[in-house]
Structures are given as structure tokens and as C-alpha cells.
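Make the full structure from the sequences, and use the hints.
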Amino acid sequence: MNIIIIGAGDIGYHLAKMLSYEKHDIMLIEKEQDRYTRASETLDARVIHGSGTSFTLLESAGVEKADLVVAVTDSDETNLLAAIAAKQYGVERTVARVKNREFLRTDAPINAQKFNIDLIIHPESVAAQGAVRLLRQGAATDFIEFAKGKIIVMGIQLDRDNPILNIPLSELSKRYPEFIFRVIAIHRKDTTKIPRGNDFLIHNDRIFVIVARENVQDVVRITGKEDVKIEDVMILGGGQTGYIIAHELEKEYNVKIIESNVEKSYDLAEKLKRALVIKGDGLDLDLLAMEGIVDMDAFIAVTGDDETNIVSCLMAKHLKVPRIIALINRTDYWSIIPTIGINAYVSKQLLTVNSILKFIRRGAIVNVASIPGIAAEVIELIPKKASKITRKPLREIGFPSSAIVGAVMRDDQVFIPVGDTQVKAGDKVVLVSLPADIHEVEEFFN
Amino acid sequence: MKLIDILSDDHVIIPLKSHEKQEIIEEMVDHLYDTKKIKNRDKILKAILDREKVMSTGVGDHVAIPHGKADGVKDIVASLGITASDVDFHSIDNKPVRLIFLLVGPPDKTGPHLKALSRISRLMHREDFRAKLLASKTAKEVMKNIREEEEKYFDTN
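Sequence lines, in order, name chains E and P.
Residues in the first sequence are numbered consecutively from 1, following the numbering used here.
Residues in the second sequence are numbered consecutively from 447, following the numbering used here.
Calculated directly from the structure, the hints in this document are not laboratory data.
Among these hints, one or two may not hold up.
Unchecked claim - Below 30 Å or equal to it, Euclidean Cα-Cα: the simulated DSSO-like pairs (lysine-lysine) are: (1) 273(E) to 578(P); (2) 279(E) to 492(P); (3) 271(E) to 583(P); (4) 273(E) to 541(P); (5) 317(E) to 148(E).
Stated by the list, open to error - Computed spacing ranges between beta-carbons, pair by pair: (6) 520(P) to 332(E): 41 to 49 Å; (7) 283(E) to 568(P): 17 to 25 Å; (8) 520(P) to 314(E): 27 to 35 Å; (9) 229(E) to 485(P): 41 to 49 Å.
Just so you know, even glycine gets a beta-carbon here, dropped at the ideal spot from N, CA and C.
In C-alpha cells, the structure reads:
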């Protein structure tokens, strides 16, 4: 596919990186010198220095032959204009990122439908939804839905006392035959491993488990995690992400939201119905104490500043708040976050990239998610008729060794495939693979 | 930390004479000074008022917790003032204030200070308990109610 990405900020850069693992022709356009240099020096993509709203530049980037244009600069106007222009050049699909939520409204004078933009994405909403999902799913560090929500991939940080440690995975599944689950990736220190039956889990592993939705709680239980009942939630940061989270959560929980900016806090107080808005500094421990942080069931830090989010979450953790979630925007931080004691975090960039990837994929792939901090992707595919994977049992097809089929949904029934299983066309197959082998994996399904 | 460890009946003022935020804080600080709990009245008062400037300590539900740290205070000490009528404290929920916990401490005792704030915040979370305090006629009655409440919910710590 010929893809033009406009804007090499964190989203554009990461998207280009993910796509470059596959066989796409990627052209990246970036106006700012620093970002241009970073992209051209480190990415396997062609990078042009210039503005995405220049028609001359778009033409020289080959817009007329492009299949997809993704505009993800920091400027809404640039992104919308680039997407609109791309359609005029005959580009089949376009994606524009916006910061202003009003563009999402169906009655907005400029919106996706009216200007024929295929996807308008609002990263702050995406991040807020990610945080809410994590909160609802108590013990998980990650929670990703596949097969229309019937198959879940969840990340869990393993604590010291844990009944499932130090036994081979093949034994583990025998011990709990009634649950439909499988460990599909282990992140240990800095490496990600796709486990085999003789691998076992150790303390401090971050594991990814594929599980049928109805067994999510069982997995939480056997990993020794307690599910915290949520009643009181404190949110730090009343920007767009914080507002959307508060708006969503105030319907069922007692929500306090702390914002340091006076105007923003008044604005929040006006827009939120039940949530209590507090004007103050989230790193002010006295304030947190007065507002009863010790009685909170969850603390969610979503200010624009990663360091504030990290430090305030660590303070909340120190004060024994059972559930903490941090918004981390800097991609450099992803790998260290779990090691410093923050188990659950959301990344605006990564969730946005995942949403865009999901939109881009075609053919057999119906959903894809890359997992922050670890080098593996989870993919949902539907095998085509007579595709390689449907011809023989899994054991005999010669699947790449860095990939593992995690779960299959057939006629609404979820099951964990074994070597004898033969996948049928039309099944929903969720698998995990290291990025380098995704293309090879995909071949089996087409 | 228990509230009854840092609050005694001679530091419960019912009702407060003052009817305005700053005057109330001054009245309560003066009371601590008169009973020799603090040495440097002006410094403490300034610390508390500075804190109020950053943000009101009116935490909602008719409760305020003005607090400050300064030299001349040996240990953390709390006082409780109950107003005769509603007082505007610029609280976060815009409700008037009736129950005012004033907390002062030395600059180096951050941990206990936090624990005390947390404890007050937690106790005041219960509506029936706030009502009980408001209905109390004497300092002794207030202390009895606080003691009972702390025993009821926190006898383990």
C-alpha cells in the first residue's frame, strides 16, 4: 500500500514505525526540522521536509498514487485540509486527527461525513476511553477486546505470592481445565517472549493472557489479584482527557477532579454534573490528604505533564490507593513505567496508533493492537477460504515460531486451539506475533 | 494517628465568636496562642492564610481544614471551632461552612501532618457524624463523640 503520513510527531512517528514492519511504501511529511531529522534518521520510510497543506509538496510526495493519507500533525486545520485535499486527488481512504472535539459532532458544519474523511480521530477521547476501560477491569495492566468483545487480551503484573508461578504453562492449563485461557506473551526484564508449553512464569513477569470474556474474573483470581470494588475516584488533570473520564465515571462513582488552572476548573464545574471539581496542585500532598485520597479506590493522573502524572501516581500508591492509572505520553517512558511501580497506564499516542492501524488493516486482519512497552502485536484475523492455515491442523502448517495462536471464536463459541486444532475459514482467530513476522503470519490467512 | 491525640477539649470552641473566614482563623490561632500551644502567633497565622490564598481549605460538606506549618510549634495540634451560623469559606462545593478544624505543626513533621489531614477528612466524610458534632452543646460532648467515632471505625489503628 502507498501511505502518506503527514506529521512526524509521536503519533505519526510511531504509526510509520509500526507500518514499516510490513510491506508498505511509506512517505512521511514533517514541517519541523527536529522531528524531520529524527524521522529521517531512524525510520525505514521516506521523509520529506515541508508542509502537509502544500499541494505542490503533496504532489511530489505522490499523493495521486497514494492509497491512504493519514494527517496527524498538531494542527486540526492542517489535518482536515490535507485529508480533504487528498480525496480530491483520488486517495481512497483518509484519516485526520483533531484536538477539537467539536469536529466529532454529527451536526458540526465540518465533520467526517460532510467532508468525506474516512476517519476523524480524537486522541484525548481515545485515551480517556482507554483509562475508563482499565479502571473497570480492576486488576489488569492492559485490557484489549477482540472478536466483538468475546475474547479479551489482558496484561497482568505478577506479584511475589502467586499460585501460578514456577510451573510449566502446559501444567497450568491442565490445572484449570474449566477456564478458557492461555498465556500468550511474557515480558521479563526488557525482553518479550512468546512462550511455549515448557516455559514457566516467575515473580515480576508481566504476562499477557488471552481469555474468554466469561473467564476474565477467574484469571484475575488465579493470578492472586483481588478485584477492588470502585466507589470513589480521584482524577488529576482537567484537560480534555480528564474531563471525558470524569464525565463518563460520574454516572456511577463519586468523582473528584483536581485542576490547577482557574478558568479550566470553573469550566469543568459548569460542565460536570456530579463530580466535585477542586482547584489545586496535584503534587500538593496536603491537598490530596484533605480531599481524602486515603479513602479513594482509584487515582487517575491525566495532566499534560508525564512527570506530574508519574509522581502523583506514586504518591497515591504510597498512600495505599489500590488502583492507580497514569497517562504517559512520552514514548521513551513506556518501557520503564512498570518497573517503577506504576502498573497501569494509558498512552494517548499508542492507543491512537492502534485505532488508526485497526482502521488501515484490510484483508484478513480485522483488529490489531500493539502493547505498550513490549514488542508484540495481538492480531485478530479471519481466514479466507482455502487459505494455508485452514488446510491442515496447526501442528503441521509450519507457523512462524515467534507467533502463537491464542484463541479462536467459531459460531460464538470461544476455544483455545491445540496442535490438533484445524482452523476453518470464517473463524475469528486471535494471535500474538512479534512485529517482524506479522507479514508472514498474514500470508497464512489469505 | 488519632484525632483525639492531637485535639483536647480546651481546644474545642463552641460557638466561635467570629462570623467571617479570616476572623475565624485569627480567633482560633489566638486561642492556641493563649493556651500556650504555639509561640509565634503571627508566623502561624501567615502560614495558614497563605495556604488559604493558594486554595480554600473548605473541602466541602460544611467542613474546612485550614492548616499551616511554622517554627514555634512543638507538636502537631488541632483545634475545632463550630460556628453559630453558616460562614462563607469559598469552599469547593460552594456550601457554607460550620465545622472548622485548624491544624498547625512544625515544618519538619510532614508525615504526621498528612496523616492528621487524612484522618480529619475521613472522619468528616460521614454525614451522621457531622450532624452529631453540630448538635453537640459542649466541648466535652464533642470530644466524646469524636472518641466514640474513632473507636467505632478505627479501633485497629
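Verification of the supplied hints:
1. 273(E) to 578(P): The given pair, whose Cα atoms are some 29 Å apart, holds under the 30 Å limit.
2. 279(E) to 492(P): Within the cut-off at roughly 21 Å; holds.
3. 271(E) to 583(P): Since the Cα atoms of residue 271(E) and residue 583(P) sit roughly 41 Å apart, the hinted pair is violated (cutoff 30 Å).
4. 273(E) to 541(P): holds (16 Å)
5. 317(E) to 148(E): Status violated; Cα separation ~34 Å.
6. 520(P) to 332(E): 41 to 49 Å: holds (47 Å)
7. 283(E) to 568(P): 17 to 25 Å: Given range 17 to 25 Å: holds, Cβ gap about 21 Å.
8. 520(P) to 314(E): 27 to 35 Å: Check passed, 31 Å falls within 27 to 35 Å.
9. 229(E) to 485(P): 41 to 49 Å: holds (47 Å)
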